[in-house]
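Asker: With these hints in hand, go ahead and build the complete structure from the sequences.
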Amino acid sequence: MSELSRNVLAGDHRSIARLITLVENDEPGAVESMKQIHRYTGQAQIIGVTGVMGSGKSSLIFELALAFRAEGKKVGIIAIDPTSPFSGGALLGDRIRMTDLSTDSGVFIRSMGTRGMMGGLTSSLYDVVEILDAAGMNVILIETVGVGQDEVDIVKIADTTLVVLIPGLGDSVQTIKAGLMEIADIFVVNKADKPGVEQTVAELESMLDLVSKAERRTPIVATSIKQKKGIKLLVSKISEHQEYLKKSQSFDKRRRQRYEAELIEIIRKRLMGFIFDEKKLKKTVDCCIDQISKKELDPYSAADEILGKILK
Amino acid sequence: MVRKIRVLVAKPGLDGHDRGAKIVARALRDAGMEVVYTGLHQTAQQIVSTAIQEDVDVVGLSLLSGAHMTLFIDVAILLKEKQMEDVLIVGGGIIPQEDVPHLKKAGIAEVFGPGTPVEEIVDYIKKNVKR
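Read top to bottom, the protein sequences are chains A and B.
Sequential numbering from 1 applies to the first sequence in our numbering.
Sequential numbering from 313 applies to the second sequence in our numbering.
No lab work stands behind these hints: they were computed from the structure.
It should be emphasised that the depicted structure is a prediction, and the values quoted were computed from it without experimental measurement.
Where is the CB? At the ideal position from N, CA and C, for every residue including glycine.
All the pointers check out, no bait thrown in.
Using 27 Å as the maximum straight-line C-alpha spacing, the simulated DSS-like pairs for lysine-lysine come out as follows:
id : chain 1 : residue 1 : chain 2 : residue 2
1  : B       : Lys316    : A       : Lys35
2  : A       : Lys232    : A       : Lys194
3  : A       : Lys295    : A       : Lys282
4  : B       : Lys394    : B       : Lys417
5  : A       : Lys194    : A       : Lys226
6  : B       : Lys416    : B       : Lys442
7  : A       : Lys74     : B       : Lys394
8  : B       : Lys334    : A       : Lys226
9  : A       : Lys73     : B       : Lys394
10 : B       : Lys316    : A       : Lys279
11 : B       : Lys316    : A       : Lys269
12 : A       : Lys280    : B       : Lys316
13 : A       : Lys232    : A       : Lys73
Only some residues are given here: those of chain B computed to face chain A with a beta carbon under 8 Å:
id : residue
14 : Arg341
15 : Met345
16 : Val347
17 : Val348
18 : Gln357
19 : Thr362
20 : Gln365
21 : Glu366
Answerer: So, in structure tokens, the structure goes:
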């Protein structure tokens, strides 16, 4: 095992951070370490926090992290912000709300840009979750970018997905029906110190009346960071959901879904890498050109052969 | 994939003026960098542990209160203690010219005063980033 992997497993912050950089940039050593640490993963509880822009996701994550820390759990936080499609740069500002956690050695926070990935996540997120899991984090909180309606990929990774809303969205709660509505394991109505909470909760309730299955009705928790309200209830609803997953065997199903999504993502990245690595592709193609010009091979069979090699 | 330069823009100490820091943060983002912005009132410890977790290539410190000789140097010393010598440290704000040589000696690679065109900062970082 490489020294880097060993240090990651020991929970060394510098090494965790370095490995995340390696996987984000697809640098040498990344894949080797990811292979080595996989067998040490699977212990962490993964919680996704998604919701509209400005709904207070970062502040909520800060409060949740404090609550989990009070239980003696180690907490990993992944905060995703959008990468500019024009400059490729990103302003990652979620830590502003989490300042007091930055010197707690039981907390590891990493800010990430989406780097061109759609769906509210970033393509190396699966790897980063595995790294934090292997490094001994008991809880991993993932903050997606502020989403609209159909950025729902977080469900492929999280065991429990929180959808955060705020009062005063009014009829726009209706518009989330299709996307966000379907992925929530728990609804959080944050900023409950603002007027209109009851209405937002009532709207959600009436929507749930239509879609809820008998076995489990999605709970709605009203929270206020300002007034420190609802966080305890939210934490208990999260652990209730964990219990539910384990009892109903959905837990394994969710984990299988995550690995499926992760595997497909790795294959996608590799294929893209091959296709866009023109030098490599040209070299492969060159071998067949001679044969094609001598009529020993037709272009279609050559393509089959090359793709066969790539896909092998 | 091209390796992105990651920069931490931090405001150490008690001054509450972050417009300059925000303008620099935006300029660096527009130059294609990933900029972690942590907000006001950071201690040296907070800045350094953030730099470690975020694995940044550059730490940019902004200070207008006059405490740069303590706070900038504290950050530099702590980074060194944590074996983060490959991090480029730059500073900005209201820094008297006579302090600059001392800061440079302590490990602050460059100091950018008021009126510096942001392009100059971008170029400097691109040219001097250590990894």
